[in-house]
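Visitor: Chains A and B are the protein sequences, given in the same order.
Per the numbering used here, the very first residue in the first sequence carries number 1; after that it's consecutive.
Per the numbering used here, the very first residue in the second sequence carries number 193; after that it's consecutive.
Since the hints were derived computationally from the structure, they do not count as laboratory data.
Be aware that one or more of the hints could be misleading.
Below, a list of computed lysine to aspartate or glutamate pairs in the EDC-like style, where the Cα atoms sit at most 20 Å apart [said to hold, decoys possible]: (1) A:Lys51 <-> B:Glu197; (2) A:Lys33 <-> B:Glu237; (3) B:Lys304 <-> B:Glu237; (4) B:Lys384 <-> A:Glu143; (5) B:Lys379 <-> A:Asp184; (6) B:Lys243 <-> B:Asp258; (7) B:Lys245 <-> A:Asp12; (8) B:Lys284 <-> B:Asp310; (9) B:Lys384 <-> A:Asp184; (10) A:Lys192 <-> B:Glu319; (11) B:Lys245 <-> A:Asp176; (12) B:Lys384 <-> B:Glu372; (13) A:Lys35 <-> B:Glu197; (14) A:Lys35 <-> B:Glu237; (15) B:Lys379 <-> A:Glu181; (16) B:Lys379 <-> A:Glu180; (17) A:Lys53 <-> B:Asp276; (18) B:Lys225 <-> A:Asp149; (19) B:Lys304 <-> B:Glu272; (20) B:Lys249 <-> A:Glu45; (21) B:Lys326 <-> B:Asp276; (22) A:Lys53 <-> B:Glu319; (23) A:Lys187 <-> B:Glu335; (24) A:Lys130 <-> A:Asp118; (25) A:Lys53 <-> B:Glu237; (26) B:Lys245 <-> A:Glu43; (27) A:Lys51 <-> B:Glu235; (28) B:Lys243 <-> A:Glu45; (29) A:Lys187 <-> B:Glu235; (30) A:Lys97 <-> A:Asp66; (31) A:Lys172 <-> A:Asp41; (32) B:Lys245 <-> A:Asp41; (33) B:Lys243 <-> A:Asp55; (34) A:Lys120 <-> A:Asp85; (35) B:Lys289 <-> B:Glu272; (36) B:Lys243 <-> A:Asp118; (37) A:Lys51 <-> B:Glu237; (38) B:Lys243 <-> A:Asp12; (39) B:Lys283 <-> B:Asp341.
What follows is each chain in one-letter form.
2 protein chains.
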Amino acid sequence: MNKNEILVVLTDKWNDWESSYVMAVANSFSDYKVKTITSGDGEKESMGGLKAKVDCKIDTYDNFDDLAIVIIPGGLSWEENDYDDIACFIKKVIDRKIPVAAICGGSLFLCKHGFLNDVKHTGDCIELFKEQKKYSGEKLYVEAQVVADQGIITANETAAVEFAYNIFKLLKLDTDEEIEEWYDTFKNGAVK
Amino acid sequence: MNKNEILVVLTDKWNDWESSYVMAVANSFSDYKVKTITSGDGEKESMGGLKAKVDCKIDTYDNFDDLAIVIIPGGLSWEENDYDDIACFIKKVIDRKIPVAAICGGSLFLCKHGFLNDVKHTGDCIELFKEQKKYSGEKLYVEAQVVADQGIITANETAAVEFAYNIFKLLKLDTDEEIEEWYDTFKNGAVK
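Bound-form chain A, shown alone (with noise of 0.2 Å):
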């Protein structure tokens, strides 16, 4: 496999559960690598305290040959940061036609910047953001847990275990069986 890089955004007080399941399975049970990336300096905590050494920054990185996704979870920090280093950083994915999946915070972060004006996607956050009457994608806009169109995931807060599902559809992470039944057993937990 050429593309086995999967980047997580990682952000002050990202959300810990939201992108746990896809990089757990995809780090350890795949041959897709996940890295962290973030812009400023090189660490971060996470909204449960965690204290992270971040893998790659925004502006040095250039392995976009080997990128097969990037995930941006949810956090605590994007409701009042524009992150418009970020943003930069998600255009030029975008523009490569990889892969971009985000969940809570990371979806109202790509609506912010206009990455969902074309794209069917879902979003809890995004309620704030049609609160404050800064929303002009209603058409667009599908009530679900999550939602993949045109290359783009989109994720309510509620969804990690679907945004992982459809994360290992979109990468082909293994056979539709062994997908549909991981997706089962971690929905509907092993004894019932």
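Once you have looked at the hints, place chain B on chain A.
Guide: Okay, now just chain B, sitting in the frame of chain A:
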């Protein structure tokens, strides 16, 4: 609140999702504070490739007066390691009647060291132990996603939300109503 410290035990290739909900919610939306603890050096990498700087070391920790609970997520290093130093630490915790919550490989670890001998418990990883005929806890084993008994919580790898819910109840993290609502939303999704 006096006892407001939550410790999460990180080991090599700890599981990203299993303690993610409880860490993020407790640390960001309650008076509890999450710290990570480990033996050996102060850096651990998760199954998902996250490189964490750990807050506390097991051999020098002495803040038991503030300690509310110890959480032991699973991961890929519990099967081949005994982690006697972590067991020694957990004995001190249990002797002080401080709760312990373990999921997947964390439950296997508690089982290995005899901490579940007199406690009702579950744990999908314990199946491995049964196969190896090292398991003698059949009488108290419960076929369930999560079991709480005598201050010890055990859970399956597919039960991260139920695991968090049981810890929130034990810690009285919020009102019963709020905790039930959280559980319903995260178990069943915001959009049905």
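Visitor: State for each hint whether it applies.
Guide: Going through the hints against the structure:
no.	hint	in the structure
1	A:Lys51 <-> B:Glu197	holds, 16 Å
2	A:Lys33 <-> B:Glu237	holds, 13 Å
3	B:Lys304 <-> B:Glu237	violated, 24 Å
4	B:Lys384 <-> A:Glu143	holds, 10 Å
5	B:Lys379 <-> A:Asp184	holds, 13 Å
6	B:Lys243 <-> B:Asp258	violated, 27 Å
7	B:Lys245 <-> A:Asp12	holds, 15 Å
8	B:Lys284 <-> B:Asp310	holds, 17 Å
9	B:Lys384 <-> A:Asp184	holds, 16 Å
10	A:Lys192 <-> B:Glu319	holds, 17 Å
11	B:Lys245 <-> A:Asp176	violated, 37 Å
12	B:Lys384 <-> B:Glu372	holds, 17 Å
13	A:Lys35 <-> B:Glu197	violated, 30 Å
14	A:Lys35 <-> B:Glu237	holds, 12 Å
15	B:Lys379 <-> A:Glu181	holds, 18 Å
16	B:Lys379 <-> A:Glu180	holds, 18 Å
17	A:Lys53 <-> B:Asp276	violated, 28 Å
18	B:Lys225 <-> A:Asp149	violated, 39 Å
19	B:Lys304 <-> B:Glu272	holds, 11 Å
20	B:Lys249 <-> A:Glu45	holds, 19 Å
21	B:Lys326 <-> B:Asp276	holds, 17 Å
22	A:Lys53 <-> B:Glu319	violated, 35 Å
23	A:Lys187 <-> B:Glu335	holds, 18 Å
24	A:Lys130 <-> A:Asp118	holds, 17 Å
25	A:Lys53 <-> B:Glu237	holds, 10 Å
26	B:Lys245 <-> A:Glu43	holds, 9 Å
27	A:Lys51 <-> B:Glu235	holds, 10 Å
28	B:Lys243 <-> A:Glu45	holds, 11 Å
29	A:Lys187 <-> B:Glu235	violated, 32 Å
30	A:Lys97 <-> A:Asp66	holds, 13 Å
31	A:Lys172 <-> A:Asp41	violated, 33 Å
32	B:Lys245 <-> A:Asp41	holds, 15 Å
33	B:Lys243 <-> A:Asp55	holds, 8 Å
34	A:Lys120 <-> A:Asp85	violated, 24 Å
35	B:Lys289 <-> B:Glu272	violated, 28 Å
36	B:Lys243 <-> A:Asp118	violated, 36 Å
37	A:Lys51 <-> B:Glu237	holds, 11 Å
38	B:Lys243 <-> A:Asp12	holds, 15 Å
39	B:Lys283 <-> B:Asp341	holds, 17 Å
Hints 3, 6, 11, 13, 17, 18, 22, 29, 31, 34, 35 and 36 from the list above are not met by this structure, while the remaining hints are.
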